[in-house]
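Trainee: Here is how the chains run, residue by residue.
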Amino acid sequence: MAEDFRERAKLWPKGRLYEDFAVGEVRQHHWGRTIALSDTLLFTTLTLSFNPLYSNRVYAEAHGHPDIVVNPLLVFNTVLGMSVEDNSEIGGPFVGVGALTYRQPVYPGDTLTARSTQGRAALGQQPGQRHRHLAHRGLQPARGAGDRLRTLQPRQAAPSS
Amino acid sequence: MKLSDLTGKANYFEDFQVGDVIRHARGKTVEGLENVLITNLVMNTAQSHFNEHSMKASQYGGRLSYGGVNFSLCMGLAMQDCGENALAELGMDNIRLQNPVVHGDTLYAYSEVLSAEPSGQDDAGIVTFRHYGVNQHDKQVFQGDRRMLIKRRSHWADR
Chain A
1 MAEDFRERAK LWPKGRLYED FAVGEVRQHH WGRTIALSDT LLFTTLTLSF NPLYSNRVYA
61 EAHGHPDIVV NPLLVFNTVL GMSVEDNSEI GGPFVGVGAL TYRQPVYPGD TLTARSTQGR
121 AALGQQPGQR HRHLAHRGLQ PARGAGDRLR TLQPRQAAPS S
Chain B
162 MKLSDLTGKA NYFEDFQVGD VIRHARGKTV EGLENVLITN LVMNTAQSHF NEHSMKASQY
222 GGRLSYGGVN FSLCMGLAMQ DCGENALAEL GMDNIRLQNP VVHGDTLYAY SEVLSAEPSG
282 QDDAGIVTFR HYGVNQHDKQ VFQGDRRMLI KRRSHWADR
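Chains as they are written, first to last, in our numbering: chain A, 1 to 161; chain B, 162 to 320.
Some hints here could point you the wrong way.
[Unchecked claim] Some chain B residues well away from chain A (every beta-carbon gap over 10 Å; in silico): (1) Ala207; (2) Gln241; (3) Glu245; (4) Glu250; (5) Asp254; (6) Asn255; (7) Arg257; (8) Leu258; (9) Gly265; (10) Ser280; (11) Gly286; (12) Ile287; (13) His298; (14) Ser315.
[Claimed, not checked] Covered stretches of chain B, as calculated for chain A (at least 3 residues, CB under 8 Å): (15) 170 to 184; (16) 198 to 206; (17) 232 to 239.
Simulated from the structure, these hints should not be mistaken for laboratory data.
We treat Cβ as the ideally placed atom computed from N, Cα and C, and that holds for glycine.
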């Protein structure tokens, strides 16, 4: 019995190959993520990101915010994280990010979703490298009401088939 | 208690001169606590960051620390000195992840002041830092620019 289920199993694969990407394609990514206060406090403290706007509500309120400010790097990582299965799960190394603008603060309780527009794709630069570089342009998280919070350009190597 | 009692006294906008390079005092060793926890927290589904079994036979010998964790940690190591008195982080550019990081690697951070300019408000200016991340073997793993709106001492030191 134990052997039988493995013989009958079919893999449901995850991720996409280089050839699966079309320039200009828009991808709405899965799940969405409500950022809890504990998420941003944990992220901020684990990364030693010491600015009291990210850890002290009284201080944040004294600077005009309604609550602690969610660490912008947590927002970035959450947006990129939700895009991984569609963009880069079986890719090669994550090689960089460019032109990221923080448009407005995110607060605990906000819900983020992510969307990507496929930018250019280019051959890998290393001799003999089978991977090719992809640039995802305009990864746009929304706070539920469609607010655009961030625009960024992550670059990622994706394997070709 | 004054707000200014809660943050440093030597890292207001006026303190940053173009060309200054700061060596940040602390390093941090990357382990599952940082990599796996944050990778899963942000729902990054790439198992190369959390499946030790599948990565054992790879060229890395184990799980790869997620690049977003690596540069968040490097920027975090730089935050107290560079951004403790920031009113806001404005953006990032030219992020480069140059070498892999695995569990057990220790990261250190350096920052260079690329520009320090007035902003549209009197009480703060915009500083662009270039942050560098280096591992325990003196190999650079990260470089990236971050723009921050930083309080001016003239307006905030006594508040």
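Trainee: Please go over all the hints and tell whether each is borne out by the structure.
Mentor: Outcome of the hint check:
no. : hint       : in the structure
1   : Ala207     : violated, 5 Å
2   : Gln241     : violated, 4 Å
3   : Glu245     : violated, 5 Å
4   : Glu250     : violated, 5 Å
5   : Asp254     : violated, 6 Å
6   : Asn255     : violated, 6 Å
7   : Arg257     : violated, 5 Å
8   : Leu258     : violated, 6 Å
9   : Gly265     : holds, 17 Å
10  : Ser280     : holds, 14 Å
11  : Gly286     : holds, 16 Å
12  : Ile287     : holds, 13 Å
13  : His298     : holds, 18 Å
14  : Ser315     : holds, 17 Å
15  : 170 to 184 : violated (count 0)
16  : 198 to 206 : holds (count 8)
17  : 232 to 239 : holds (count 5)
Checked against the numbered hints listed earlier, the structure breaks hints 1, 2, 3, 4, 5, 6, 7, 8, 15; every other hint is satisfied.
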